[in-house]
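**Student:** Now for the letters of each chain:
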Amino acid sequence: MATQLIGARIKALREERGLSQDALAALFGFKDRQTVSAIETGERRVSAEELILAVEKLGATLDYFTDPYLLAGEGKFSWRQTGLGAGGLSAYERVAGRWIAAFRVIAPQVGRQTPLLRKSLPLTKRSSFEEAEAAGERFAAELALGDVPAARLATVMEEGLGVLVLMVEAMKGVSGAACRLPDLDIVLINRREGEGRRHFDLAHELFHILTWDAMPPEHSEAPTEFGGNRVEQLANSFASAVLMPTAALERFGDWDQSGDALIAKLNAAADDLQVTASALKWRLSARGQISAHVARAIPDSALRHNGRKSDRSPPPPLFSKPFMEVLALALDEGRVSVRRAAGLLDLTVEDLADAFTAQGVQPPFEP
Amino acid sequence: MARHAGPVLVDTNVILACWRLGAWRALVGGYGVETVEDCVTETQTGFQRRRAEERIDEPALRRSLKAAHAVSDLERARVAIQGADLAVDHGELSLWAHALSRADSWLLCGPDKASLRLGIRLGFRERLASLEQLLSDVGYRPRQPLNVAFTAAWHRATLETLAMAERSERR
Chain P
0 MATQLIGARI
10 KALREERGLS
20 QDALAALFGF
30 KDRQTVSAIE
40 TGERRVSAEE
50 LILAVEKLGA
60 TLDYFTDPYL
70 LAGEGKFSWR
80 QTGLGAGGLS
90 AYERVAGRWI
100 AAFRVIAPQV
110 GRQTPLLRKS
120 LPLTKRSSFE
130 EAEAAGERFA
140 AELALGDVPA
150 ARLATVMEEG
160 LGVLVLMVEA
170 MKGVSGAACR
180 LPDLDIVLIN
190 RREGEGRRHF
200 DLAHELFHIL
210 TWDAMPPEHS
220 EAPTEFGGNR
230 VEQLANSFAS
240 AVLMPTAALE
250 RFGDWDQSGD
260 ALIAKLNAAA
270 DDLQVTASAL
280 KWRLSARGQI
290 SAHVARAIPD
300 SALRHNGRKS
310 DRSPPPPLFS
320 KPFMEVLALA
330 LDEGRVSVRR
340 AAGLLDLTVE
350 DLADAFTAQG
360 VQPPFEP
Chain L
0 MARHAGPVLV
10 DTNVILACWR
20 LGAWRALVGG
30 YGVETVEDCV
40 TETQTGFQRR
50 RAEERIDEPA
60 LRRSLKAAHA
70 VSDLERARVA
80 IQGADLAVDH
90 GELSLWAHAL
100 SRADSWLLCG
110 PDKASLRLGI
120 RLGFRERLAS
130 LEQLLSDVGY
140 RPRQPLNVAF
150 TAAWHRATLE
160 TLAMAERSER
170 R
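Top to bottom, those sequences are chains P and L. The first sequence begins at 0 in numbering that gives the first Met the number 0 and counts up one residue at a time. The second sequence begins at 0 in numbering that gives the first Met the number 0 and counts up one residue at a time.
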């Protein structure tokens, strides 16, 4: 495993530096490029001395070549964020990349294979918003999301689609992200966001995961529930329909109230559906159940926190149960040390134990 | 058992636990205790990764140690190429890197399963010691119960399990 890891990292860095195998062979003092080729494919083991030569000649750290919990030139991210510069986002992406890389390495080691096949939506940039909504409706129905789709969505994504969903502590301004690796799809959600926002972000990122090849998302986009470029608008249409499908809206009857009565009903129904009242308002407007004029006339302030002073819901536990289960197995089997795991998640050893407990997983060590 | 006469290499977990239990003086009084610079760093406030941190005076810690070794990238590379799939902490890796560079009769005390597994893979199962055994051999009985991973019984059973896992994966 080490041989393959180091070989793959040498290849990734050689390509990043624009070097041929011949050029790298000359740099290392090998007589031909076949030696480089054998190292890169993992057929030939690198000696410690050669590894140090790679550190010196390619200008990378030893960790770059030996740390399996690193996304080296892999992984495409799409962030929902505001106010973060490229530097800040890039730093956070490296942190998130370590969680993702760790899961990808550990899961198969402990017998949790990532899915062989990927599911996708038959949509393109030329699809209409109505087609995106119809896809969302069918997704909610076919995957049996039930009366409160938001409550089951993460589980369905994990169990039905094999997507790794992580509730994370994120930098201010980051709502969430979708990430695609050759063999794994991941959605990150800022667990400090309000419940309705988290669910909308999750459904929005699900759209990107299911349409990544046909319409690759931008690296960074604003976390709005409407607007944005065409792909973002399609994602929002899909997300609205997944979280608020016709079948789930029917129980609320008609929406011909006005003024405070309409606002109170929107807030109460949004609580029930675990979405934001604002998202519900625009969903009803898109369905023609309230007019665009009425929707625009409702002030945002009346729907903020679904009519409460603040969001009362506690944040969900860190990361996810599947993630913590895999980590617990790895700790128990001696594949990762407690201090390394705590460092990876930026927790104290005691907080790491609590994070297992919060997900209903027995901590595999005594803190 | 007879007290080990050679050097005893300890990791951050052991130093922190001994400090917390008040057993450090007994350990360094009974053995020539050594560690690596990365572990010394990890014992300091802000690097312990513990909710309630021990206040460990660095000069006092250094005075009590027989040595704190600097570890080179080449020494770390020698361990990393054999155990890149076993993810240990910096201090744990550096301690093994240092151990690998020595030819004398050291013992290593580090309770983490991944560190123990790395030791087994490197061929040093017989050099792994539990904190309870080391303390017992110098006649010290901690006033508080030891965390299970420091006990001799857990150590023996865990080594057996990890050795089996290593054998099974090497087949």
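Among the hints, a few may not be true.
To be verified - If you only want the chain P side, here are some residues facing chain L, beta carbon under 7 Å, derived:
| no. | residue |
| --- | --- |
| 1 | A1 |
| 2 | L50 |
| 3 | I51 |
| 4 | L52 |
| 5 | K56 |
| 6 | L57 |
| 7 | L61 |
| 8 | G333 |
| 9 | V337 |
| 10 | R338 |
| 11 | T347 |
| 12 | E349 |
| 13 | A352 |
| 14 | V360 |
| 15 | P362 |
| 16 | E365 |
No lab work stands behind these hints, which were simulated from the structure alone. We put the CB at the ideal spot given by N, CA and C, even for glycine.
**Student:** Decide, hint by hint, whether the structure agrees.
**Tutor:** Structure-based check of each hint:
1. The beta carbon of A1/P comes within 4 Å of a beta carbon in chain L, closer than 7 Å, and the hint placing it at the interface holds.
2. A distance limit of 7 Å between C-beta atoms decides the matter here; for L50/P the minimum to chain L is near 4 Å, and the interface restraint holds.
3. Hint status for I51/P: holds, given a least beta-carbon distance of 5 Å to chain L, under 7 Å.
4. Hint status for L52/P relative to chain L: violated, with the closest Cβ pair at about 10 Å, above 7 Å.
5. With a cut of 7 Å, the hint placing K56/P at the interface with chain L is violated, because the nearest CB-to-CB distance is about 13 Å.
6. Proximity of L57/P to chain L is violated relative to the hint, the smallest CB-CB distance being about 13 Å (cut-off 7 Å).
7. Taken as an interface hint, L61/P checks out: its beta carbon lies about 5 Å from the nearest beta carbon of chain L, inside 7 Å.
8. Against a cut-off of 7 Å between C-beta atoms, the interface hint on G333/P holds, since the closest Cβ of chain L lies about 3 Å away.
9. Because the beta carbon of V337/P sits about 6 Å from the nearest beta carbon in chain L, less than 7 Å, this interface hint is met.
10. At a threshold of 7 Å, the smallest CB-CB gap from R338/P to chain L is about 4 Å, leaving the interface hint in force.
11. A cut of 7 Å between beta carbons decides the hint on T347/P: the least distance to chain L is about 5 Å, and the hint holds.
12. Evaluation of the E349/P hint against chain L yields a held restraint, the C-beta minimum of about 4 Å falling below 7 Å.
13. Violation of the interface hint for A352/P is found here, the shortest Cβ-Cβ separation to chain L being roughly 10 Å, above the 7 Å cut-off.
14. Hint status for V360/P relative to chain L: violated, with the closest Cβ pair at about 17 Å, above 7 Å.
15. Restraint check, P362/P versus chain L: the minimum CB separation of about 12 Å is more than 7 Å; hint violated.
16. Taking 7 Å as the C-beta contact cut-off toward chain L, the hint placing E365/P at the interface holds, the least distance being around 5 Å.
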